[in-house]
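Asker: Sequence:
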Amino acid sequence: MKRLLILLSVIFIVLAGCAPDFSNQEEVVDENMPDDVAQESAIIPNYSVSDQEYQILLPYRLSQSRGVTTNQVANRLDIPALENGLRRHSTDVFDPGNHYFQEGQQLGTSELYSWLARESDSDELGLNPSVDYDEEDDEEEIIEEERDNPRYLSHILEQNYLVRTDDNTVQLAGISLGIAMKSNYRFQTEIGGPFYYEDISEQAMLQEASVIAEEVVSRMRQKEGLQEVPIMIGIYREAARDALVPGHFVATTTVQGGSQSIGNWDSVDEQYVLFPSSDARDLDPDLSATIEGFKSEIADYFPNYVGIIGEGFYEGDQIRKLTLEIPIEFNGQAEVVGFTQYVYGLIMDSFQPHFAIEVNIKSSDQQQSLIVREAGEEEPIVHIYER
3 MKRLLILLSV IFIVLAGCAP DFSNQEEVVD ENMPDDVAQE SAIIPNYSVS DQEYQILLPY
63 RLSQSRGVTT NQVANRLDIP ALENGLRRHS TDVFDPGNHY FQEGQQLGTS ELYSWLARES
123 DSDELGLNPS VDYDEEDDEE EIIEEERDNP RYLSHILEQN YLVRTDDNTV QLAGISLGIA
183 MKSNYRFQTE IGGPFYYEDI SEQAMLQEAS VIAEEVVSRM RQKEGLQEVP IMIGIYREAA
243 RDALVPGHFV ATTTVQGGSQ SIGNWDSVDE QYVLFPSSDA RDLDPDLSAT IEGFKSEIAD
303 YFPNYVGIIG EGFYEGDQIR KLTLEIPIEF NGQAEVVGFT QYVYGLIMDS FQPHFAIEVN
363 IKSSDQQQSL IVREAGEEEP IVHIYER
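Going by our numbering, the sequence shown opens with residue 3, and the numbers climb by one from there.
Honestly, the hints are just simulated from the structure, not real lab data. Positions of the beta carbon are idealized from the N, C-alpha and C atoms, including for glycine. Honestly, I wouldn't trust all of these hints.
[Said to hold, decoys possible] So the derived label-pair ranges between C-beta atoms look like this:
hint : residue 1 : residue 2 : range
1    : 383       : 53        : 34 to 44 Å
2    : 389       : 134       : 54 to 64 Å
3    : 311       : 198       : 27 to 37 Å
4    : 267       : 343       : 47 to 57 Å
5    : 90        : 200       : 24 to 34 Å
6    : 294       : 134       : 46 to 56 Å
7    : 53        : 194       : 49 to 59 Å
8    : 387       : 110       : 32 to 42 Å
9    : 54        : 167       : 37 to 47 Å
10   : 111       : 352       : 22 to 32 Å
11   : 385       : 200       : 39 to 49 Å
12   : 135       : 262       : 30 to 40 Å
[Said to hold, decoys possible] Here are the simulated SDA-like pairs of lysine to any residue, each with C-alpha atoms no more than 20 Å apart in a straight line:
hint : residue 1 : residue 2
13   : 323       : 288
14   : 364       : 385
15   : 297       : 307
16   : 297       : 318
17   : 364       : 378
18   : 323       : 55
19   : 323       : 362
20   : 323       : 351
21   : 364       : 329
22   : 297       : 323
23   : 323       : 352
24   : 225       : 196
25   : 364       : 79
26   : 364       : 348
27   : 364       : 332
28   : 297       : 389
29   : 364       : 380
30   : 323       : 365
31   : 225       : 128
Turn these sequences into a full structure, and let the hints guide you.
Answerer: Structure, rendered in structure tokens:
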């Protein structure tokens with residue numbers, strides 16, 4: 003059965019000043035829904051925030067496996083990096099100019115948890131390696147078995163992409179799957195006991211991820227209506243649970259409609275880098291020096307400044323976005339304005355415009371002001387929050 007969104011004409015009665023005007027937007031009937039959920043109307047907005055962002059059907063429909071990500075991914079920094087990165091890589095396959103985004107509606111919570119479990123004789127759904135020990139084995143035997151058979155797979159993130167057809171409908175046209183794999187496995191031999199850790203090399207992770215991806219595609223093809231839907235897959239390598247920057251995607255591939263076998267993988271050369279750090283100095287000494295100078299300039303004029311934490315997103319050796327967080331205690335709103343103005347000037351003078359930059363100025367865990375400059379723009383946009 004095709005999963006369709008049927009376009010309808012509609013007239014909205016809107017109370018002036020009480021709700022946004024949707025009269026020029028299109029309403030759709032969302033048939034891409036589980037069998038136990040009634041069909042609902044949805045709206046396709048007329049505008050998107052950029053050419054590289056998907057329009058999103060409204061009201062926003064949560065994933066059928068919502069909540070699994072936060073339970074499975076240990077480092078919270080990995081969650082937005084996985085979600086945003088999968089959507090970013092999806093733009094190479096599913097054009098944002100004619101595709102609409104929707105969170106995954108094909109994988110339910112209980113089904114996904116069964117896929118993330120270990121293999122066993124009684125449950126063949128588990129995609130993580132099985133272990134062969136019991137309560138009678140001593141601790142060293144259990145540790146060895148766990149180290150030899152770590153839980154590689156943390157999570158499978160699903161995203162759906164929809165297109166409009168010639169007969170005035172919108173239908174599911176693509177699925178993206180983010181296969182989140184561990185870089186470090188933490189385990190216990192008994193509840194309440196000490197934790198043990200096993201690093202997982204990128205080579206071992208990729209080998210296991212390739213096998214997992216093949217099986218995931220096979221299972222998705224068995225679902226009703228998904229035999230001819232293209233599936234894009236991205237392999238994401240998680241950061242360590244205590245890392246200060248997220249992990250990154252390492253490979254992608256696309257399985258065309260009608261096929262369930264994976265061909266070649268395309269390597270992805272990207273990473274997040276912490277500033278200041280030795281990794282940042284090795285990768286980008288010029289930007290590291292610029293940030294050090296930026297810090298010194300601030301410290302000269304604002305004695306209550308306590309430092310800068312930065313995160314750079316790189317594709318290859320090229321910086322694409324720099325995010326800086328400046329924690330500082332203010333004595334009043336005028337000081338917030340003055341500090342923000344000063345930082346604005348430093349950004350104009352110090353940082354080249356070929357990459358995006360975002361500066362978050364905070365005090366006591368509250369956002370005080372925001373400075374944003376998109377790549378290629380000369381002047382940043384500034385917002386100062388009133389308290």
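Asker: For each hint, tell me whether it holds in the structure or not.
Answerer: Each hint, compared with the structure:
For residue 383 and residue 53, the Cβ-Cβ distance of about 18 Å falls outside the hinted range of 34 to 44 Å, so the restraint is violated. Range check, residue 389 to residue 134: Cβ separation about 59 Å, and the 54 to 64 Å hint holds. Hint check: residue 311 to residue 198, Cβ distance near 30 Å, so the stated range 27 to 37 Å holds. For the hinted restraint 47 to 57 Å between residue 267 and residue 343, the CB-CB distance of approximately 48 Å keeps it satisfied.
Checked against the given bound of 24 to 34 Å, the beta carbons of residue 90 and residue 200, roughly 30 Å apart, stay inside it. At roughly 53 Å, the beta carbons of residue 294 and residue 134 sit within the given window of 46 to 56 Å. For the hinted restraint 49 to 59 Å between residue 53 and residue 194, the CB-CB distance of approximately 53 Å keeps it satisfied. For residue 387 paired with residue 110, a C-beta distance near 40 Å keeps the hint of 32 to 42 Å intact.
The hinted window of 37 to 47 Å between residue 54 and residue 167 is violated, with their beta carbons roughly 24 Å apart. Separation of residue 111 from residue 352 is about 47 Å and departs from the stated range, judged on CB atoms against 22 to 32 Å. Between residue 385 and residue 200 the beta carbon distance is about 45 Å. The supplied range of 39 to 49 Å therefore holds. With their beta carbons about 34 Å apart, residue 135 and residue 262 fall inside the hinted range of 30 to 40 Å.
Annotation: proposed proximity of residue 323 to residue 288 holds, straight-line Cα distance about 15 Å (limit 20 Å). Taking the CA atoms of residue 364 and residue 385, the gap is near 13 Å; set against the 20 Å cutoff, the hint holds. In summary, the hint linking residue 297 to residue 307 is supported, as the alpha carbons are separated by about 9 Å, within the 20 Å threshold. Restraint check: the Cα-Cα separation between residue 297 and residue 318 comes to about 26 Å, which exceeds 20 Å; the hinted pair is violated.
Of the supplied pair hints, the one linking residue 364 and residue 378 is violated, its CA atoms being roughly 26 Å apart against a limit of 20 Å. Using a Cα cut-off of 20 Å, the hinted pair residue 323 and residue 55 holds, with the two alpha carbons roughly 16 Å apart. In summary, the hint linking residue 323 to residue 362 is supported, as the alpha carbons are separated by about 14 Å, within the 20 Å threshold. Distance hint between residue 323 and residue 351 is fulfilled; the C-alpha atoms sit about 17 Å from each other, no more than 20 Å.
Of the supplied pair hints, the one linking residue 364 and residue 329 holds, its CA atoms being roughly 5 Å apart against a limit of 20 Å. For the hint linking residue 297 to residue 323, the alpha-carbon distance of about 18 Å falls within 20 Å, and the restraint holds. Proposed proximity of residue 323 and residue 352 is supported: the alpha carbons are some 15 Å apart, at most 20 Å. Only pairs whose Cα atoms come within 20 Å are accepted, and residue 225 paired with residue 196 is rejected, the gap being roughly 41 Å.
With a C-alpha separation of about 19 Å, the suggested pair residue 364 and residue 79 falls inside the 20 Å cut-off, and the hint holds. Between residue 364 and residue 348 the CA atoms are separated by roughly 17 Å; this keeps the pair inside 20 Å, and the hint holds. Straight-line distance between C-alpha atoms of residue 364 and residue 332 comes to about 9 Å, which keeps the hinted pair within the 20 Å bound. In summary, the hint linking residue 297 to residue 389 is not supported, as the alpha carbons are separated by about 26 Å, beyond the 20 Å threshold.
The suggested pairing of residue 364 with residue 380 is violated, with an alpha-carbon distance near 24 Å, which exceeds 20 Å. As the CA atoms of residue 323 and residue 365 are separated by approximately 23 Å, the hinted pair breaks the 20 Å bound. Annotation: proposed proximity of residue 225 to residue 128 holds, straight-line Cα distance about 17 Å (limit 20 Å).
Checked against the numbered hints given earlier, this structure breaks hints 1, 9, 10, 16, 17, 24, 28, 29 and 30; the rest are met.
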